[in-house]
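These protein sequence lines are chains A and B, in that order.
Counting from 1, position 2 in the first sequence corresponds to residue 2 in the working numbering; the numbering is continuous, with no gaps.
For any residue, its number in the working numbering is found by taking its place in the second sequence, counting from 1, and adding 230.
No lab work stands behind these hints, which were simulated from the structure alone.
Take these hints with a grain of salt, some might be off.
Unchecked claim - Listed below are the simulated BS3-like cross-link pairs for lysine-lysine, each with C-alpha atoms no more than 25 Å apart in a straight line: (1) B:Lys418 with A:Lys134; (2) A:Lys204 with B:Lys418; (3) B:Lys313 with B:Lys301; (4) A:Lys182 with A:Lys134; (5) B:Lys255 with B:Lys299; (6) B:Lys299 with B:Lys332; (7) A:Lys102 with B:Lys301; (8) A:Lys204 with A:Lys102; (9) A:Lys172 with A:Lys31.
To be verified - Chain A stretches covered by chain B per the calculated footprint, using a threshold of three residues with CB under 8 Å from any CB of chain B: (10) 24-34; (11) 133-140.
All C-beta atoms, glycine included, are put in the ideal place defined by N, C-alpha and C.
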Amino acid sequence: MEDPSKSTTSEAHTLSDSVDLDDATRSEMEKAGVIVSSVDWLYNWARSGSVWPLQFGLACCAIEMICSAGSRYDIARFGSEVFRPSPRQADLLIVSGTVTKKMAPQVVRIFNQMPEPKYVIAMGACAISGGPFKQGYNVLKGIDRYIPVDVYIPGCPPRPEAVLHSLMTLQKGIRRQRTLGKGSNNPAYVEGNREYPVPSFSGKDLDPPYNPEVWQPPEKRPNMPEDGCP
Amino acid sequence: MPVSDETPVDLAPVLESFPSLEVEKGTGALITQPALVLEVVQFLRDDPRYRLDYLSNVTGIDYLATVRKEKRVNEEGKTEIVKIDEPPRMDVVYHFYSMSEKRGLVTLKQRITDRDRPVATSLMPLFRSAEFQEREVYDLFGIDFQGHLDLRRLLMWEEFEDFPMRRDYVEPDDYEYEPTPHGEVLEKAKTHAGLGEGGSEE
Ligand code: SF4
């Protein structure tokens, strides 16, 4: 999630800026019996309570994702039970499992097909970094090499509780997004539909091996000892 | 079906019918030349003493040239260690069971001596189940199966050039970001800008 504080300190005050309150002030005012809100807040509150994930699983992690949608963990309690079978109808891509290099272009394509506003959760060690298969020749070392990821869930696999927590984290992020008015950081309103180039298959590897617009290897990691263990 | 329930298979009849077959030491696998394999497998499938009607598994093995050491007893009765040059080769390994007779396992290996242009004989005319498994072996080892009706890559993409299970396969270098590298990975990560300098400064 982008840092909302950057956009809230905007120079020109418009109407929508002037009613933008932080949570603490709002709750103080609510205690005093004054309810102040903005259209933005209401809009985001409604949006965050109705996230439609894509019905899409890649490996063992998908089983845990399915569990979270089942009766015991019941993701519906958090307003996200409608798993859609088509990317055109979904706004959350849960990358649940190992992304093989053969599958990676399809995952990017699915992301491109989703309408804005869209969000990505990288679920499990595999989707984050390649996980136990990181050194394999055929596994992508993290889906964030090609598409922007909003929430990462560590674990192998993460338990359904962690999936629910990631959903709540995402919802918090959605509520903090600035959608209407100036300084909007909601891509749906400022960038149009975000589409990222689909990597192509080449003789040795995916081409390109990562999208430099989305991800770049950290320049330099200081204090890394010779044996690699920090 | 646990293997212990099955009758061990006596290899004598097949060795009698095909004197050129060898039995591998240690594994008890039948070793055959690709030219002979269809006849041998047909015999194993149809002969009432075998009736191996189920091909359960196909895989490949790649061997680079090595020097093998073997203990031998020489003429003076002393054991000595002899070095034997093993030329490079590839094997295609098949596992057969008999479902009808509850018999198994028989391991059969096609030995391919030309590792640079490995050609084997497909078992597809006898066992349709060989189709996908031989495609996998082709995909990962680059073994050309003669007589296979649809020999395409199975797991890797069409454009892929290498054969990843070969011992001399060099994987793509995507070690740009290794937060906690060690061993081999550390060596590879060092070739990328980030870690190399950070590591040597310590
Ligand atoms: S992180 Fe673990 S559980 Fe999840 S897909 Fe990878 S191996 Fe499977």
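Hint by hint, here is what the structure shows:
For the given pair, Lys418 of chain B sits about 13 Å from Lys134 of chain A by alpha-carbon distance, which is consistent with the 25 Å threshold. Between Lys204 of chain A and Lys418 of chain B, the direct Cα distance comes to roughly 17 Å. Compliance with the 25 Å bound is thereby established for this hinted pair. Annotation: proposed proximity of Lys313 of chain B to Lys301 of chain B holds, straight-line Cα distance about 9 Å (limit 25 Å). With a C-alpha separation of about 42 Å, the suggested pairing of Lys182 of chain A with Lys134 of chain A is violated against the 25 Å cut-off.
Distance restraint check for Lys255 of chain B and Lys299 of chain B: the Cα-Cα separation of roughly 14 Å lies within the 25 Å cut-off, and the hinted pair is therefore satisfied. About 38 Å separates the Cα atoms of Lys299 of chain B and Lys332 of chain B, which puts this hinted pair outside 25 Å; it is violated. A C-alpha spacing of about 47 Å is found between Lys102 of chain A and Lys301 of chain B, which places the hinted pair above 25 Å, so the restraint is violated. Between Lys204 of chain A and Lys102 of chain A, the direct Cα distance comes to roughly 12 Å. Compliance with the 25 Å bound is thereby established for this hinted pair.
Distance restraint check for Lys172 of chain A and Lys31 of chain A: the Cα-Cα separation of roughly 22 Å lies within the 25 Å cut-off, and the hinted pair is therefore satisfied. Check on the segment 24-34 of chain A: 0 of its residues sit with their Cβ under 8 Å from a Cβ of chain B, so the three-residue criterion for coverage is violated. Counting residues of the segment 133-140 of chain A whose beta-carbon sits less than 8 Å from any beta-carbon of chain B gives 3, enough to reach three: the coverage restraint holds.
Hint compliance for this structure: hints 4, 6, 7 and 10 are broken, all remaining hints hold.
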